[in-house]
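*Asks:* Sequence:
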Amino acid sequence: MEIIRTTEKDGIHSISESDKKHILAELSAGRLIVYPTETVYGLGCDPFDETAVKRAFMAKRRPFDMAMSVVVNSIPMMEELGVIDDRAKKLVEKFMPGPLTLIVKKRPSVPDILTASTNEIGMRIPDHPVALSLIDSFGPLVTTSANVHSHKSPLDCQDAIDDLGKSVSVYIDAGSATLGCPSTIVQLIDGEMIIIRQGTITEQQIEAALDE
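Take 1 as the starting number for the sequence shown in the working numbering and just add one per residue.
These are computed hints drawn from the structure, not numbers from a lab.
Worth double-checking, as some hints may not be accurate.
Stated by the list, open to error - Ranges between beta-carbon positions, derived for each pair: (1) Cys181 - Met58: 21 to 29 Å; (2) Phe64 - Gly165: 40 to 48 Å; (3) Glu17 - Gln187: 21 to 29 Å; (4) Glu17 - Pro63: 16 to 24 Å; (5) Gly11 - Pro108: 37 to 45 Å; (6) Glu79 - Asp112: 16 to 24 Å; (7) Glu203 - Glu17: 26 to 34 Å.
Computed from a predicted structure; not experimentally measured.
Ideal Cβ positions, reconstructed from N, Cα and C, are used throughout, including at glycine.
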């Protein structure tokens, strides 16, 4: 277990190229990392490495019938994993990067263990430079709050360390999460919109964006 601290300049967090290279190597080796987002700290790994995804479930003590989401950096990356129709694009363009997770039909290439054997996948674009930098270099990452299942969401790196300890290879410490509130989760499948979890973005805002 190791802790990598970000550098902050003008309110923007970053990591060194050497630290980034090391983190990418850990991800490629199937290990777990904890990384900052604007909502809460996330537990991440390679979503296509089924052993790594299983390791994430075990670290959180999360039931395998509860799907995990992924973070991406763009609509094209989303389209590699799920079906993004025009209504979904509206929400992505309006609220992302930001605290919105969109559940859509998944592509066959997405492992069933990640999605609890459902035909759906949750995705969002985080509004944090460190998370986006890792995604730019590695590709999609698993995202789930970096805490033991049913424990409080981690608002800083120490919260995550206290819960997950040595089950995680690398912790990236960027101070406190700016929002400190989990994302709103919206399911958008076959034209039907359902709010799964209310977060910073309200149902009224979602409906207004879809009506534009």
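*Asks:* All hints are to be evaluated individually against the structure, with a verdict given for each.
*Replies:* These are the hints, each one checked on the structure:
1. Cys181 - Met58: 21 to 29 Å: At roughly 26 Å between Cβ atoms, Met58 and Cys181 fall inside 21 to 29 Å, so the hint holds.
2. Phe64 - Gly165: 40 to 48 Å: Between Phe64 and Gly165, where Cβ atoms are some 21 Å apart, the hint is violated.
3. Glu17 - Gln187: 21 to 29 Å: violated (38 Å)
4. Glu17 - Pro63: 16 to 24 Å: Since Glu17 and Pro63 have Cβ atoms about 38 Å apart, the given range 16 to 24 Å is violated.
5. Gly11 - Pro108: 37 to 45 Å: holds (41 Å)
6. Glu79 - Asp112: 16 to 24 Å: holds (20 Å)
7. Glu203 - Glu17: 26 to 34 Å: Given range 26 to 34 Å: violated, Cβ gap about 42 Å.
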